[in-house]
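Number of protein chains: 4
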Amino acid sequence: MVGQWFVRSLEDHPWFELEVLAASERSAGGIYGDLVRWNVDGSMPAAIRNKPVLPMDPAIFSDHGVRLLFSALPADRALAWERPLAEKGFRIFSNASANRMEPDVPILIPEVNAGHICLIEAQRSKKDSGGYIITNANCTTTGLVIALKPLQDRFGLHNVIVSTYQALSGAGYPGVPSMDISANVIPYIEKEDEKVDNETRKILGTVAGKGPVQPAPFDVVASCCRVAVRYGHLETVVAQLEKDFDERAAMSAFSDFRCHACAKLPTAPRQPIILREEPDRPQPRLDCDAGAPDRARGMSVSVGRVKKFGDRLRFYLLSHNTVRGAAGASILNAEYARTLGYL
Amino acid sequence: MVGQWFVRSLEDHPWFELEVLAASERSAGGIYGDLVRWNVDGSMPAAIRNKPVLPMDPAIFSDHGVRLLFSALPADRALAWERPLAEKGFRIFSNASANRMEPDVPILIPEVNAGHICLIEAQRSKKDSGGYIITNANCTTTGLVIALKPLQDRFGLHNVIVSTYQALSGAGYPGVPSMDISANVIPYIEKEDEKVDNETRKILGTVAGKGPVQPAPFDVVASCCRVAVRYGHLETVVAQLEKDFDERAAMSAFSDFRCHACAKLPTAPRQPIILREEPDRPQPRLDCDAGAPDRARGMSVSVGRVKKFGDRLRFYLLSHNTVRGAAGASILNAEYARTLGYL
Amino acid sequence: MVGQWFVRSLEDHPWFELEVLAASERSAGGIYGDLVRWNVDGSMPAAIRNKPVLPMDPAIFSDHGVRLLFSALPADRALAWERPLAEKGFRIFSNASANRMEPDVPILIPEVNAGHICLIEAQRSKKDSGGYIITNANCTTTGLVIALKPLQDRFGLHNVIVSTYQALSGAGYPGVPSMDISANVIPYIEKEDEKVDNETRKILGTVAGKGPVQPAPFDVVASCCRVAVRYGHLETVVAQLEKDFDERAAMSAFSDFRCHACAKLPTAPRQPIILREEPDRPQPRLDCDAGAPDRARGMSVSVGRVKKFGDRLRFYLLSHNTVRGAAGASILNAEYARTLGYL
Amino acid sequence: MVGQWFVRSLEDHPWFELEVLAASERSAGGIYGDLVRWNVDGSMPAAIRNKPVLPMDPAIFSDHGVRLLFSALPADRALAWERPLAEKGFRIFSNASANRMEPDVPILIPEVNAGHICLIEAQRSKKDSGGYIITNANCTTTGLVIALKPLQDRFGLHNVIVSTYQALSGAGYPGVPSMDISANVIPYIEKEDEKVDNETRKILGTVAGKGPVQPAPFDVVASCCRVAVRYGHLETVVAQLEKDFDERAAMSAFSDFRCHACAKLPTAPRQPIILREEPDRPQPRLDCDAGAPDRARGMSVSVGRVKKFGDRLRFYLLSHNTVRGAAGASILNAEYARTLGYL
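Residue numbers (the numbering used here), protein chains in the order written: chain A, 9 to 351; chain B, 9 to 351; chain C, 9 to 351; chain D, 9 to 351.
Hints in this document: simulated from the structure, not taken from any laboratory.
One or more hints might be untrue.
Which copy is meant is left open, so a pair is good if it fits within one copy or across any two.
Stated by the list, open to error - Here are the simulated DSS-like cross-link-like pairs (lysine-lysine), alpha carbons at most 25 Å apart as the crow flies:
1. K199 to K316
2. K135 to K315
3. K59 to K272
4. K315 to K199
5. K315 to K96
6. K96 to K272
7. K218 to K135
8. K218 to K96
Since the structure is predicted, the reported quantities are computational estimates derived from the model, not experimental observations.
Same shape as in the complex, but just chain A (with noise of 0.2 Å):
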């Protein structure tokens, strides 16, 4: 699924251009356009249709002019390959979850902690081969972070408590049987609460020299269901926030949110958070999608119903789980530590 959502974003893109697709010994041999059902809006680019899928062998990757590639591997092939490959001088960018709480390896989103990208000095591949594994977070964590970033960075996190609404198509393919979710709700999704939790603190953490990261000192308490919805995750989130605040000022912290470090970035959304003042905004149908220019559609988080209460904060918060949560993630990642020269 998130192989698919990486063809469809690279297609054109300005900067980067597919040129090998690669998958494990059992995958790899055919043509991409046989092997793969098809599953995001719209079809399968004409341009990949015809291309083969080919072995996960580095040298075919040398032999093809690759040095960046961007994973899409189950957590134990990532496991097995991201290191060694790294180590060939291969520059990674994985949406896999094997790695993210190495310390050496960031869990980069460019909008939240752009200076983690300097734990990647601290990879022995960096230093031998130039090779490096920099991955991005949880499709979950990923919308839950920006919108606390603004909040951290100007009235300081106390603790977290967040509940999930998940759309299917973050289990992957054939992913969740419809008998199981056809009108009803599962009330748990293996090792997301404590994805949730792990990957928060370290990406909201400080990192100094080569790292590692000192986790942030708060608490992350995720309650993660799978609701029947195609794409965008919703989140419910109470902040208990250091600083006396009122509820207008956080509605701001969160509309005038911007990256800096993004600003030239093609995959890069204008406005990170864009914030809904509507009542029943946002819903996972309509704002699924938001973020411009087009080349960013689905990259922005869009938040609502924020509302004080004492020195807590309540917003929800919605965010395209296989865009900005997963390939466009690694994306946006790859175009940040290329206008730093790291490829």
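Add chains B, C and D to chain A, keeping to what the hints say.
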């Protein structure tokens, strides 16, 4: 919708007999089977199909020897009718929200605040004619306070944060348009966040003499959402507790909870709270009808995913919104009132 | 709902400009952005948000220099308004069913029965003031007759049996209650079976002079159902053909079908029918928007699962109910009328 | 999925006792409650939870005194196992499709073709060891032939056209991925169109002596689709009849239909066909469980929307796919075989 559940739940009730069906002018004057689009699973009870729907006229009620009224009126009608009917001596068990927050009206849940029934002594009608109003809580509040009660008793409550996944049936009929909710979540239910906060604090508050209730001194931050489920409100809860506790003790508080006031009430579930230890329960589809014996199906609240985070307890709960949270709740209240000789 | 699709489809139309929005008394008098709950994917066009919604007053239309009207009126309003407006000289392209079966009103689909436009010469208003009414077909009929036309031309039609799987949007807004359709099929759509029968025979009928139409001499047995899909009516069709045929020839009839009358119309799809040879297509979600160029998205009918059974041909078709079956159809009709100098 | 329905339907069966649960090597060797993800509404019967799942071994079956086997094996396993088990003397009532079209195996529906049971006399195993295979029809076929039978008897059938709206549970578990079916229809079910055609003609065919069956001499054109419904296959049918008929006579044919062979079978519904005269019935959600007495819930086929079009009769039918169309059908067959002394 709630009226239909009253009809269904009163079929073969051992203590009560459905003698009269009444509606406001607009709907009165025909046969129940013609006026109602039956929406409850199973068929309309045969005995009710040909019953006339009478106008709301105290004289007619008296002619039929009726003194006990169940009210599923819309809020504005309830406001106009319930007090005057109580003043004529009728005992009103109301699911309407109109009078819930009145100082002399209890929001009664026998398992939780049986003692609040004394509030009716402050109703002028009680003294004048013996009539009174007893309400049950909003459907979302009901499940929440039942689950909070044993925590409050054993550990004390400091504050409560709740996010909801509410079923379509909670919006009545025709209710939510399918174009709004199909493959979507609606992140807003009018006035619901506030009801959950206010009602919870009233129900868990203390009362002396004839009241009024001293509301419980903690906050409830409620974030209410509608999901595409037919029956069963799921809620994720984080409660900050006052005393030290361990996770196992909290789980026991749930599963050991019993209602002594309810011992012989036909509609009372043997276990008000059913603790689920599977990682992926409770689920609306699977657990909505929890409750034994048969007459109490749908009257138990299912609790699961219990986890301690420092001084906070996280858990999920599920309760049947039209049974436990509406018709069943009113009927249980009437049963309880009867054991006290109030009918 | 259809009004919104008109607004969306007329944005940036090369020939037409949306000058005036009008509604019946009840709705007129405010700003479009306030009066309308936007339901179409994407946002309301900015240029329209602040446009006033004017009353249905011919004088106002004339003051704005308007002569061409698109009508998405409910049937009773259409009956009351369309003829009188035509008599004042307005050219009315109507999606309403009210006048479709009138002998002097064409149900026009340029790909199918372009010649039926001559019926307007029989409208008294045409002679008196130049005004007339042209309707498009019911959404279900539209896809059906487009698919039947090449079969009729090449093989002759003996009879037609169709079963439908119709999208929620076809019922307008609020439309189908979610409690009715959630995890269900509704096996009935009021008057729909009859509309499909009558309209199909009229559209595929013959006309001489100013008409009226001699209906096609075959039966259409239609069994219409509503399913929980947002956009796109799927239909299974069994057509008994008059001449011998083979399966491949039938498939070619579909894929070779072109519309000469439409050659330069902006909203006409290059291919009225797109033949799918995969076993599991067309699907509402994947094929609803078929049609090129961009302005004709949703204007092609997708046909698949073509199979011969003796003298009968079985196939499935899918067409976008609010584009091909409503707003897009009316706009295409106006474009066609313009090329003939009728505007 | 079907296995679970067998377990549920055999709970408290008056004639049969569930003695042994068996599975192929892959699944055997544990406790039923651990191996099975219970998907049927309500809870797993307590008596079954701790039963071991044994390997498919005739010796084990014999040790337990078992001679009657219900088979819910996948097609390939059924092909490998059912004949050899029959040859060891087991009486096999199979829901698998593997042997249905074998000339010496009946597809038995007591209401429709009770006489076809004689086919088992042609099975070599019957003579050698007393063992035999009796199958029930595909879930879609079952409802169809029950509704066609009284038409065939009274009016003769010339041909049949059927379109289906099939429930998710028909695809087993995990079955249809939610990403495929959410807000969609899947217009294809592998081999289903053909099964409906072939099985219908066999079941409605004639048999002399030990068979084989002379298939009924008419065509069945089936167009099968999957919709997002949990239980209950809806079908729209157009049957061309041989004799003159009027609509009312056809309706009587449905509602008067009775099964004499079934008079005392515990799982037989009093009325095989329930005629609905409301315009919007049958509906999967409301009518799926039709059937009385309680043990026969889900065993009646609901028919509605009956209308005459010349020599063709159009109607809709609904039947419970895992009860009437699977487990219930096999159990009814075993009950019938028992009354004939075949067990």
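These are the hints, each one checked on the structure:
Proximity of K199 to K316 under the C-alpha cut-off of 25 Å is restricted to the inter-copy arrangement: shortest distance 16 Å between copies versus 30 Å within a copy. Taking the shortest Cα distances, K135 and K315 never come within 25 Å of each other, neither inside one copy (48 Å) nor across copies (43 Å). Proximity of K59 and K272 under a CA criterion of 25 Å is satisfied in neither setting, with 31 Å inside one chain copy and 36 Å between copies. Taking CA atoms no more than 25 Å apart as the test, K315 paired with K199 passes between copies only; the shortest distance there is 14 Å, against 30 Å inside one copy.
Taking the shortest alpha-carbon separations for K315 and K96, neither the intra-copy value of 50 Å nor the inter-copy value of 44 Å comes in at or below 25 Å. Taking CA atoms no more than 25 Å apart as the test, K96 paired with K272 passes in neither setting, with 30 Å inside one copy and 57 Å between copies. With identical chains, the CA atoms of K218 and K135 are at most 25 Å apart within one copy only, with a shortest distance of 13 Å there and 78 Å across copies. In this assembly of identical chains, K218 and K96 lie within 25 Å of each other by CA distance solely inside one copy; the values are 21 Å within and 73 Å between copies.
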